[in-house]
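Enquirer: Single-letter residue listing:
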Amino acid sequence: MKTHLFIPCLVDQFLPEVGLATADCLSAAGCEVAYPSKQTCCGQMFLNSGMPGDAAGLARAFVRRFADATWVVAPSWSCVDMVRTRYGELLEGRELEQWESLRERVFELTEFLSLKLGLDAWQGSFRARAILHWSCHMPRDGNEQDRLEGLLGGVDGLELLPRPPFECCGFGGVFWNLWSEVSASIGRRRLDVLTRDGPDAILLAEPGCLMQMQAAASESKSGVRVLHVAQLLAEAIR
Amino acid sequence: MKGLRKRAAKASRDQVLSRAVVKACDHTLRKRSEALAKLDEPQAARTAASKARSRGLDRMDDLLTTLQARLEKKGVRVFRAADREHAIDYVVGLVRDQGLSTVVKAKSMTGEEAGLSRALEDAGCRVVETDLGEYIVQLRDEPPSHIIAPAIHLSRRQVGELFAERLGMTPTEDPASMCDFARKRLRRDFLSADLGIVGVNLAVAGTGDLITVTNEGNGRLCQTMPRVLVAFTGIEKVVEDAEDAAAVLRVLSKNGTGQVATSYVSLLRGPAGPTEPFGPKEIHLVLMDNGRSRLRDDPILRDMLKCIRCGACINCCPVYRSIGGHAYGTTYVGPMGITLTNGLAGGEGLGGERLRDLGELTYACTLCGECGRVCPVGIDLPDMILKLRARAPKPPGRNLGMKAGRVILGGSRRFSATGRIAGTLGRIAPHLYAKLARMSGWTRSAAPPVPSDTPFRRQFRKWKPFVGHDALVRPAGIPAALEKGNPRDETADISSVGPAVLSRTDATTAFAEKAAQPFDAFISNFRDVRGEVASGTLTETLDNLIQGLDHPTVLASEELLTQLADLDCRVLNAADPELPLDRASQAVVGVTGCLALVAETGSILLEHGPGSERAASLLPDTHVIAARADQVVATMEQALAIRNRRDSPAATLITGPSRTADIEKTLIIGMHGPRRLVLVLL
Ligand code: SF4
Ligand code: SF4
Chain A
1 MKTHLFIPCL
11 VDQFLPEVGL
21 ATADCLSAAG
31 CEVAYPSKQT
41 CCGQMFLNSG
51 MPGDAAGLAR
61 AFVRRFADAT
71 WVVAPSWSCV
81 DMVRTRYGEL
91 LEGRELEQWE
101 SLRERVFELT
111 EFLSLKLGLD
121 AWQGSFRARA
131 ILHWSCHMPR
141 DGNEQDRLEG
151 LLGGVDGLEL
161 LPRPPFECCG
171 FGGVFWNLWS
181 EVSASIGRRR
191 LDVLTRDGPD
201 AILLAEPGCL
211 MQMQAAASES
221 KSGVRVLHVA
231 QLLAEAIR
Chain B
1001 MKGLRKRAAK
1011 ASRDQVLSRA
1021 VVKACDHTLR
1031 KRSEALAKLD
1041 EPQAARTAAS
1051 KARSRGLDRM
1061 DDLLTTLQAR
1071 LEKKGVRVFR
1081 AADREHAIDY
1091 VVGLVRDQGL
1101 STVVKAKSMT
1111 GEEAGLSRAL
1121 EDAGCRVVET
1131 DLGEYIVQLR
1141 DEPPSHIIAP
1151 AIHLSRRQVG
1161 ELFAERLGMT
1171 PTEDPASMCD
1181 FARKRLRRDF
1191 LSADLGIVGV
1201 NLAVAGTGDL
1211 ITVTNEGNGR
1221 LCQTMPRVLV
1231 AFTGIEKVVE
1241 DAEDAAAVLR
1251 VLSKNGTGQV
1261 ATSYVSLLRG
1271 PAGPTEPFGP
1281 KEIHLVLMDN
1291 GRSRLRDDPI
1301 LRDMLKCIRC
1311 GACINCCPVY
1321 RSIGGHAYGT
1331 TYVGPMGITL
1341 TNGLAGGEGL
1351 GGERLRDLGE
1361 LTYACTLCGE
1371 CGRVCPVGID
1381 LPDMILKLRA
1391 RAPKPPGRNL
1401 GMKAGRVILG
1411 GSRRFSATGR
1421 IAGTLGRIAP
1431 HLYAKLARMS
1441 GWTRSAAPPV
1451 PSDTPFRRQF
1461 RKWKPFVGHD
1471 ALVRPAGIPA
1481 ALEKGNPRDE
1491 TADISSVGPA
1501 VLSRTDATTA
1511 FAEKAAQPFD
1521 AFISNFRDVR
1531 GEVASGTLTE
1541 TLDNLIQGLD
1551 HPTVLASEEL
1561 LTQLADLDCR
1571 VLNAADPELP
1581 LDRASQAVVG
1591 VTGCLALVAE
1601 TGSILLEHGP
1611 GSERAASLLP
1621 DTHVIAARAD
1631 QVVATMEQAL
1641 AIRNRRDSPA
1651 ATLITGPSRT
1661 ADIEKTLIIG
1671 MHGPRRLVLV
1681 LL
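First to last, the protein sequences are chains A and B. Once you know that position 134 of the first sequence is 134 in our numbering, the rest is easy, because the numbers rise by one and skip nothing. To convert, take the position in the second sequence, counting from 1, and add 1000; that gives our numbering.
Next comes chain A alone, as it looks inside the complex (with noise of 0.2 Å):
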C-alpha cells in the first residue's frame, strides 16, 4: 500500500526524528512511503491567525501537491483536521472538487494504521508508565479513544495511566506567538495535571502540543520523556 507523508512545517524544521518515526510506523506496517518533498505547510496557521486568504493560497498547493496520492497519512490530527474540515471554505473551482475526494484520504498516523490497515494492537516492547495527552484535535469520542488506547496496549511493557480531564496545553500556535506568557503558564499547568502520578513519559500525538509540552518539562526539570506516539510505536520495535 502506497502512501504519502504529509509533514508538518513544525515536523519539518523542529521535530525530524517524529517525520521519520512516522515513516518508519508506516514501513514497520508493510507501506510503502513516499515524501513528496515541495510541501510546506497545510496554512492553518495563517487561518488561526485571521488571514483566510492566505491559507487558502497554501490549501490550494498542498491540494495540487497530493491530489494524486492514494493514502496522506501526517502525524498531527489538528492538521489533517485543517485539511478534511477547514479547506472546504477555502477553495474553489477545480481544486475544490480535487479536495473533496482527497479530504477522504487523509489520515492521522493512529487513525491510519487502526482503520486503514486494521491494526488494533502494536507490538514490540517499551518499558514506560506513560500517560497521553488528548490534544484539542484528538477524538473526543469514547469509542474512538478506545482505539487509539488499544493501538498502544499490544506494546510490551507500557503501562498506560488513566485518562486525565481534559485540558488544552496552551499552545494554540499564534496563541503561543501572541501571549506566550499565558501560553507558557497554562502548560506548567498542565504538565503538573499530567505528572500527578508520576508517569515516565508523556505521549502526544500533536507537534504544537508536543513542543509546548517539551518545554513545559525541559523548564520544571521534571525528567519526564516527552514523546510522540509515532516515536513511542517506533522505538517499540526497534
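Any given hint might turn out to be false.
Heads up, incomplete: computed chain B residues facing chain A, CB under 7 Å, no partners named [what the hints assert, rightly or not]:
#: 1; residue: Ala1008
#: 2; residue: Ser1012
#: 3; residue: Arg1389
#: 4; residue: Leu1409
#: 5; residue: Pro1455
#: 6; residue: Pro1465
The calculated BS3-like cross-link candidates involving lysine-lysine, where the alpha carbons are at most 27 Å apart (straight line), are [said to hold, decoys possible]:
#: 7; chain 1: B; residue 1: Lys1403; chain 2: A; residue 2: Lys38
#: 8; chain 1: A; residue 1: Lys2; chain 2: A; residue 2: Lys38
#: 9; chain 1: B; residue 1: Lys1184; chain 2: B; residue 2: Lys1665
#: 10; chain 1: A; residue 1: Lys2; chain 2: B; residue 2: Lys1462
#: 11; chain 1: B; residue 1: Lys1023; chain 2: A; residue 2: Lys221
#: 12; chain 1: B; residue 1: Lys1051; chain 2: B; residue 2: Lys1387
#: 13; chain 1: A; residue 1: Lys38; chain 2: B; residue 2: Lys1462
Cβ pair distances, simulated, as ranges [stated by the list, open to error]:
#: 14; chain 1: A; residue 1: Gly150; chain 2: B; residue 2: Arg1157; range: 41 to 49 Å
#: 15; chain 1: B; residue 1: His1431; chain 2: A; residue 2: Ala67; range: 55 to 63 Å
#: 16; chain 1: B; residue 1: Arg1645; chain 2: A; residue 2: Asp146; range: 44 to 52 Å
#: 17; chain 1: B; residue 1: Asp1174; chain 2: A; residue 2: Ser125; range: 49 to 57 Å
#: 18; chain 1: B; residue 1: Leu1436; chain 2: A; residue 2: Ser222; range: 25 to 33 Å
#: 19; chain 1: B; residue 1: Arg1157; chain 2: A; residue 2: Ser222; range: 24 to 32 Å
#: 20; chain 1: A; residue 1: Glu219; chain 2: B; residue 2: Thr1424; range: 43 to 51 Å
#: 21; chain 1: B; residue 1: Gly1397; chain 2: A; residue 2: Arg238; range: 41 to 49 Å
#: 22; chain 1: B; residue 1: Arg1126; chain 2: A; residue 2: Gly88; range: 52 to 60 Å
#: 23; chain 1: A; residue 1: Ala67; chain 2: B; residue 2: Asn1399; range: 27 to 35 Å
#: 24; chain 1: B; residue 1: Asp1576; chain 2: A; residue 2: Gly142; range: 56 to 64 Å
#: 25; chain 1: B; residue 1: Gly1548; chain 2: A; residue 2: Asp146; range: 46 to 54 Å
Read the hints as simulated data drawn from the structure, not as lab findings. We put the CB at the ideal spot given by N, CA and C, even for glycine.
Could you slot chain B with the ligands onto chain A? The hints should help.
Expert: Only chain B with the ligands this time, still in chain A's reference frame:
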C-alpha cells in the same frame, strides 16, 4: 492592545489567583458532568434549549411587543432602552422622582454592562449588592470576575480578611460564619430598602412571566420586601412560551452551577395586590438594547444572542483559568466575553471601559474548542472567534511578519533556506535569535525553538524502509471505507469535561424508572437537594420544630390556619393585609401549601398573590410545606402549565433550602432564605 496582553501576562504570574480559579472551575465542571448525567437525553435537552432560544430570536420583535402588552395590562411599566445611557437615566429618574434612597440589588450582568449600580450611587442612593459574591466584590470595590461566581478569584482567607477589615467581623476562615454574618447584615437592608433591583433570565412572551433564577434567596427578597421593583435585562432574553422557558431552565443550572435546578426560580408577571402585606406595589421592567439589535444583524455573532449566561464556557477556558476575569478588562469574560464584547456596542462603554483594540481580545484564545463543546445552546464560540480574527484589522507590524511567513512558506526552497539561516543563527547567537523572533512578530517566547540543522526533508533522503519485523505485516483484507462522522459534528460529546460520567444506558434506565414512579422520583430528588420529609402530621411536625423555643411565632398561609389552631404558639396569617413587618420577620417557621411537586427536579411550586403568602416561604429559618402526594407532576413543563392556569402575580419553584457557594465553592445552606425545607404529606 498591549494593555490587555500585559494585564494577562501579569495575571498569569499570580499563582494564588490561578489556583483559586482553576479549583473553583474544576469543581463546577465536575458537578456539571454529574448533573448532565442525570438527564436521560443530554443531547436532546441541548438541542431543545438551542431551538427555544433560536425561536425567541427569530421572532424577537413580535415577542417583545406581546410581552410588553401582557405586562402593561397587569400594571407593569415597561421601558425599552436603546442603550445603557437611556436605561440608566430611566432608573435614576425613578429614584429621583420617588425619593428612593436604599436599593437592594440582586445579580444582573446586564446591570453590570450598563454600570447601573455606579450610576445609582452617583445619584445619591445607597446600593447594596445582595448576592454574596457581588457583596464581596462590592466591598473590595472591584467588578465581578465571573458572570456566575463574582468572587471566584478570592480565597476564603481573603474574604475573611475583607470582612474583618471592612465590616469589623472577628477574623475567620470559616465560610459558614462569614455567610451567617452577611445574612444578618443584609437582612436589615432587605427589610428597610425602598427599591429592589433584579435581573431576568428569561422573559416569557406567551405568559408574561419574568423568570429570575437564584440560589441564595436574595433575588426573592429583592422582589418581595421593597415597595418598588426594577427588573433590568436585555431584550434578547425573550422566549415564546412556557415550554421554551422550561427547555432553557432544564440546561441552565446544570451547566452553570452543576445543580439539577437552582434553589429558586421566580416567576413574576405583575405587582402585588393592594391587600397584600408584602410584594412590590410597583414594577418597572427595563429592556435594554445596547447593541443587541445590531448583534442580531451580525452574520458572525448573531448566535451570541442565544447565550443564556450559564458560564460553562468560562469555566473550561484554559486562558480564563490562567488569568482570571479581571485581566480581560471587560464586563463579560472568557470565551463568551470575547465574542459579546466584540458585538455589543462595538465594545464601547462595556464596564465603563472603551477598548482600544477589540481585535486583540480575539487572540485571548488557543482555539482549543472546548467552549463550543460545552455550550448548552450550541453556540460555536471558537468558530466565531476565528471569524472575528479575520474581520478585525491586524496591527501593521504583525501583518508584515505574517505576510513574510506566508511568502516563506510559499515554496519549499524558500522555506528550507529560511530554516537553515534561522537554525544557524539560533545556534550561534541565541539571544539575537530570540530578539529577532520577537521583532519579526513570530513569537514572544523567551526561548524560541531553533530549527534543526537537518530538517526532516533532508533526513528523509537517507531514510531506509523498515525491515525485519514480520509480526507487523498487515492483516489480509483492509477494513471497508472509513465510517466516521465529521469530526466537527455538533453531536460531539456534551459531557466531555471532567471525570467520567454515568454511561448513557445507566442514565436512561434510571430515568425510565423515575418516570414510572413520579412520586418516588420526587421524594428522592427532593432529598438530594437537602429537603427533609417529615414523618408525622402537620401539627406534630410543627410541635417538634417549635419545641423549647421561647414564644415562637409561626407565619402561615391562610388556608392552613384552621389546621394550626391547636399549636402552642402565636400563628400569624401570612395573607393578613395588616400584617406588621416586625412581627412577620420574627417568625421562626413558615408554613405554606403548594401548587405542585415536580418529580424531575424535586422542586415545589408555590404561588404568591392576594390571599396567599409571599413571606412565609422566605423570611423564617424553616419553611414547612404541606402537600398531597397527588400533587406530583413529572416535568417542569407540567409545573409551568399549572402555573399558567392561575392568574396570580407571582410564583416560585423552590428546589431545596437557600444556599450559596460563593466562597471557594464551599456549599453553605441557608444564605438569605430558609435554612431548612420540610415537607409534610397530608
Ligand atoms: S476555544 Fe478559545 S475561548 Fe474557547 S475555551 Fe478554548 S481557549 Fe477558551
Ligand atoms: S456562550 Fe454558551 S456556554 Fe457560554 S455562557 Fe453563553 S450559553 Fe453558557
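Enquirer: Look at each hint and say if it fits the structure.
Expert: Hint check:
This hint holds: Ala1008 of chain B has a C-beta 5 Å from the nearest C-beta of chain A, less than the 7 Å allowed. Hint on Ser1012 of chain B holds. Least Cβ distance to chain A is approximately 4 Å, under the 7 Å limit. About 3 Å separates the beta-carbon of Arg1389 of chain B from the nearest beta-carbon of chain A, less than 7 Å, and the hint is met. A distance limit of 7 Å between C-beta atoms decides the matter here; for Leu1409 of chain B the minimum to chain A is near 5 Å, and the interface restraint holds.
Because the beta carbon of Pro1455 of chain B sits about 5 Å from the nearest beta carbon in chain A, less than 7 Å, this interface hint is met. Checking Pro1465 of chain B against chain A: minimum C-beta separation of about 5 Å stays under 7 Å; hint holds. This hinted pair checks out: Lys1403 of chain B and Lys38 of chain A have alpha carbons roughly 20 Å apart, not beyond 27 Å. A threshold of 27 Å between alpha carbons decides the hint, and for Lys2 of chain A with Lys38 of chain A the separation of about 18 Å falls inside it, so the pair holds.
Proposed proximity of Lys1184 of chain B and Lys1665 of chain B is supported: the alpha carbons are some 21 Å apart, at most 27 Å. Pair hint Lys2 of chain A plus Lys1462 of chain B holds up; C-alpha atoms about 19 Å apart against a cutoff of 27 Å. Straight-line distance between C-alpha atoms of Lys1023 of chain B and Lys221 of chain A comes to about 25 Å, which keeps the hinted pair within the 27 Å bound. Of the supplied pair hints, the one linking Lys1051 of chain B and Lys1387 of chain B holds, its CA atoms being roughly 23 Å apart against a limit of 27 Å.
Only pairs whose Cα atoms come within 27 Å are accepted, and Lys38 of chain A paired with Lys1462 of chain B is accepted, the gap being roughly 17 Å. Look at Gly150 of chain A against Arg1157 of chain B: about 47 Å separates their beta carbons, and that is inside 41 to 49 Å. The supplied range of 55 to 63 Å is broken by His1431 of chain B and Ala67 of chain A, whose beta-carbon atoms lie about 44 Å from each other. At about 50 Å, the CB distance of Arg1645 of chain B to Asp146 of chain A agrees with the hint of 44 to 52 Å.
The hinted window of 49 to 57 Å between Asp1174 of chain B and Ser125 of chain A holds, with their beta carbons roughly 54 Å apart. The beta-carbon spacing between Leu1436 of chain B and Ser222 of chain A, approximately 30 Å, falls within the hinted interval of 25 to 33 Å. Evaluation of the 24 to 32 Å hint for Arg1157 of chain B and Ser222 of chain A yields a pass: the beta carbon distance comes to about 29 Å. Checked against the hint of 43 to 51 Å, the pair Glu219 of chain A and Thr1424 of chain B fails, with Cβ atoms roughly 25 Å apart.
Take Gly1397 of chain B and Arg238 of chain A: their Cβ atoms lie about 46 Å apart, and the range 41 to 49 Å holds. For the pair Arg1126 of chain B and Gly88 of chain A, the beta carbons lie near 58 Å from each other, so the given range of 52 to 60 Å is met. Evaluation of the 27 to 35 Å hint for Ala67 of chain A and Asn1399 of chain B yields a pass: the beta carbon distance comes to about 31 Å. Distance hint for Asp1576 of chain B and Gly142 of chain A: a CB-CB separation of about 59 Å, consistent with the stated range 56 to 64 Å.
Gly1548 of chain B and Asp146 of chain A have their C-beta atoms about 60 Å apart, which leaves the hinted 46 to 54 Å range violated.
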